[in-house]
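Undergrad: Spelled out from the first residue to the last, the chains are:
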Amino acid sequence: MTGQTIGRRALLGAAAGLLAAPATVRAQSGGRVVVGTWGGDYQDLLTANIADPLIRPQGIEVLYDVAVAPPRKTKLLAERMTRRGTFDVACLSDIDMFEMAQQNLFEPPTPELVPNMNNVIEALRKPYALPHIYSGKVILYNPDRMEKPTSYADLWDPKLRGRVGLSDGLYIQHIEAAALINGGSPSNFEPAKPKLMELKALGARVYPSNEALAAALNSGEVWATIMWLARGYMWKKAGMPIRHAVPKEGATPIVFEKAVPRNAPNKANGWRWMQAMLEPSAQVGFAERMGYVPTVTNAPLPEEIAKEISFTPEEQANFVRVDYQYIADNNARLLDWWTREFKG
Amino acid sequence: MAVRQARRRAGAFSLGPFLLVPASLLVVAFLVAPLAVLFRYSFNRYSPREFMIDAFTLENYARFFTDSYFIGVLTTTVRVAAVCTVVSLVFAYPLAYLLARTESRWKSALVIAVVFPLMVGNVVRAAGWMAVLGNEGIVNHALLSLGLVTQPMRLMYTPFAVHVGIIAVVLPYMILTLQSVIEGIGRDVEEAAANLGAGPMTTFRRVLLPLSLPGVIAGCTLVFILCMNAYATPVLLGGPQFKMMAPALYDQFTRTTNWPFGAALAFILMTSTLVLTILGTVVLSRRMHYRKLEAAPR
Numbered sequence: 144m145t146g147q148t149i150g151r152r153a154l155l156g157a158a159a160g161l162l163a164a165p166a167t168v169r170a171q172s173g174g175r176v177v178v179g180t181w182g183g184d185y186q187d188l189l190t191a192n193i194a195d196p197l198i199r200p201q202g203i204e205v206l207y208d209v210a211v212a213p214p215r216k217t218k219l220l221a222e223r224m225t226r227r228g229t230f231d232v233a234c235l236s237d238i239d240m241f242e243m244a245q246q247n248l249f250e251p252p253t254p255e256l257v258p259n260m261n262n263v264i265e266a267l268r269k270p271y272a273l274p275h276i277y278s279g280k281v282i283l284y285n286p287d288r289m290e291k292p293t294s295y296a297d298l299w300d301p302k303l304r305g306r307v308g309l310s311d312g313l314y315i316q317h318i319e320a321a322a323l324i325n326g327g328s329p330s331n332f333e334p335a336k337p338k339l340m341e342l343k344a345l346g347a348r349v350y351p352s353n354e355a356l357a358a359a360l361n362s363g364e365v366w367a368t369i370m371w372l373a374r375g376y377m378w379k380k381a382g383m384p385i386r387h388a389v390p391k392e393g394a395t396p397i398v399f400e401k402a403v404p405r406n407a408p409n410k411a412n413g414w415r416w417m418q419a420m421l422e423p424s425a426q427v428g429f430a431e432r433m434g435y436v437p438t439v440t441n442a443p444l445p446e447e448i449a450k451e452i453s454f455t456p457e458e459q460a461n462f463v464r465v466d467y468q469y470i471a472d473n474n475a476r477l478l479d480w481w482t483r484e485f486k487g
Numbered sequence: 016m017a018v019r020q021a022r023r024r025a026g027a028f029s030l031g032p033f034l035l036v037p038a039s040l041l042v043v044a045f046l047v048a049p050l051a052v053l054f055r056y057s058f059n060r061y062s063p064r065e066f067m068i069d070a071f072t073l074e075n076y077a078r079f080f081t082d083s084y085f086i087g088v089l090t091t092t093v094r095v096a097a098v099c100t101v102v103s104l105v106f107a108y109p110l111a112y113l114l115a116r117t118e119s120r121w122k123s124a125l126v127i128a129v130v131f132p133l134m135v136g137n138v139v140r141a142a143g144w145m146a147v148l149g150n151e152g153i154v155n156h157a158l159l160s161l162g163l164v165t166q167p168m169r170l171m172y173t174p175f176a177v178h179v180g181i182i183a184v185v186l187p188y189m190i191l192t193l194q195s196v197i198e199g200i201g202r203d204v205e206e207a208a209a210n211l212g213a214g215p216m217t218t219f220r221r222v223l224l225p226l227s228l229p230g231v232i233a234g235c236t237l238v239f240i241l242c243m244n245a246y247a248t249p250v251l252l253g254g255p256q257f258k259m260m261a262p263a264l265y266d267q268f269t270r271t272t273n274w275p276f277g278a279a280l281a282f283i284l285m286t287s288t289l290v291l292t293i294l295g296t297v298v299l300s301r302r303m304h305y306r307k308l309e310a311a312p313r
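Top to bottom, those sequences are chains P and Z.
According to the working numbering, the first sequence is numbered sequentially starting from 144.
According to the working numbering, the second sequence is numbered sequentially starting from 16.
Because the hints were derived from the structure by calculation, they are not lab data.
Since this is a predicted model, take the numbers as computed values, not measurements.
You may find that some hints are simply not true.
Claimed, not checked - In silico SDA-like cross-links for lysine to any residue, where the CA-CA straight-line distance does not exceed 20 Å:
| no. | chain 1 | residue 1 | chain 2 | residue 2 |
| --- | --- | --- | --- | --- |
| 1 | P | Lys269 | Z | Arg64 |
| 2 | P | Lys410 | P | Glu250 |
| 3 | P | Lys218 | Z | Pro63 |
| 4 | P | Lys379 | P | Glu431 |
So that you can see chain P by itself, here it is in the shape it has in the complex (with noise of 0.2 Å):
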């Protein structure tokens, strides 16, 4: 009969084993990674080049948390007082990252948690974030109806009346292009008002999203745009009819970047995604796709590709550099009179 029965300390032993055994699994295959990202391509890229082949191999468990940037702004700010919040990584473009990182939300990357941060391109180099991807604002226009650009000025001109459209979730690239080309700075954004008004008045139309943009612009509802050069040579690619011009006032550089929240709950993890992000097969999978240029100095691009997303060194001689403090204390004001006066 002995052996045969379960006995009190095996049961209690095997009732502990089985409410350990998640942990226990967790902890073998690696654990899990969470990232706050964008949907749609970005999402999908994020996929095929980073989670598929180079963290699921080391048996992360990779979650997305899917959304535009404001709510995951506000996601962050509402978590900031908690110990465990919900990003081990959290996507942002470069304004809003420098918004967040004001709140003291992030924390520094250092070579020895990221070694590929070493390559990347000293100019990309912020202390609370890593560079993904970027781009440039450029004019996007429809050369069947119209004569290149060569200054954000030339959207002002009366033949294009009504054909300018304009994507809401880019007013403030807006308001620094009218800025640029009335006296003003990256650093005075003011003169861009009363020109922006001059603008609406030859009816301009605002979209509420880069893609009813695209709509607009693929039926020839309008001819001409400011956009990413990266979204324009994935719109030429799906066969709209456009081109780029880069103004001579500069294109401003986008920089899409990542940063470990101070409380993510999978801190090493984050960093494992920092370092795969800057793998150069990740990077040149995003530049081949989307059209964003590598953010580090060891991924070349294909030839072909490097003409249609890069800019040549006068170009980015010529970058605008933002003013990300300045944009930050004026966000608030500047949207308001956006939402208020431009499309009111």
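Given the structure of chain P, go ahead and fit chain Z onto it with the hints provided.
TA: Relative to the frame of chain P, chain Z by itself:
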């Protein structure tokens, strides 16, 4: 005597009030407490660098009531809600009457058809309207094909699109509320009115409408509240230029990260919805009361 004692004993140990505890705790934890926190935030001060500064100031409320833009947003919201409520009442009543009175074997199918849109989210429904009202949508395609217009009419991103979208969302609520009340009104009442020489319109005006007024009040209240708080439809069909209160306060929270002002907007929206709903209910209830007095035998 024994029964009374047993009742008293049962009363002494009644579990009734305790059964309310779990639900009350849930409401306090997930509704009252967050609202209290939000209310406190509405008195704080916004700073771009420090995000939110602890304070006790009325400046967020003062900003709203002294700013013509936000007063305009509230006015637009109330106007849209009122128009959509009235239009949905007018559209819903005949359908609700038909559903209540029909003895057809298709009645269940008709009720399911009314309920069916509720199974689809507001965003999906708005996407459907985009396909209908867009420049290359069904309406413009038909107008162009018939030669009624030479170029597409702008239907999307207009107040018209918002009204259509919201009415489509709230119509099932109005129909179902009215149907349940009309079903409770005996058909013999209408027959009695007809026997006394009342035509269909008189029967509706003097008999059916007064008797169904509780349903009208309930339906209008429900629909008005839904319209006042509409978010997805104004954003997707109204476009960037069209502003109602819910999208405006969402913008304050997410795009400008001005939580104190966003919280103030939330409480102004909540209060104005509550006040207008109570006002409407009181007015309609009084009307119902007078109707009863008029109809009472003298």
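Undergrad: It remains to establish, for every hint, whether it holds in the given structure.
TA: Evaluated hints:
no.: 1; hint: P:Lys269 - Z:Arg64; result: holds, 18 Å
no.: 2; hint: P:Lys410 - P:Glu250; result: holds, 9 Å
no.: 3; hint: P:Lys218 - Z:Pro63; result: holds, 17 Å
no.: 4; hint: P:Lys379 - P:Glu431; result: holds, 13 Å
Every hint from the earlier list agrees with this structure, and none is contradicted.
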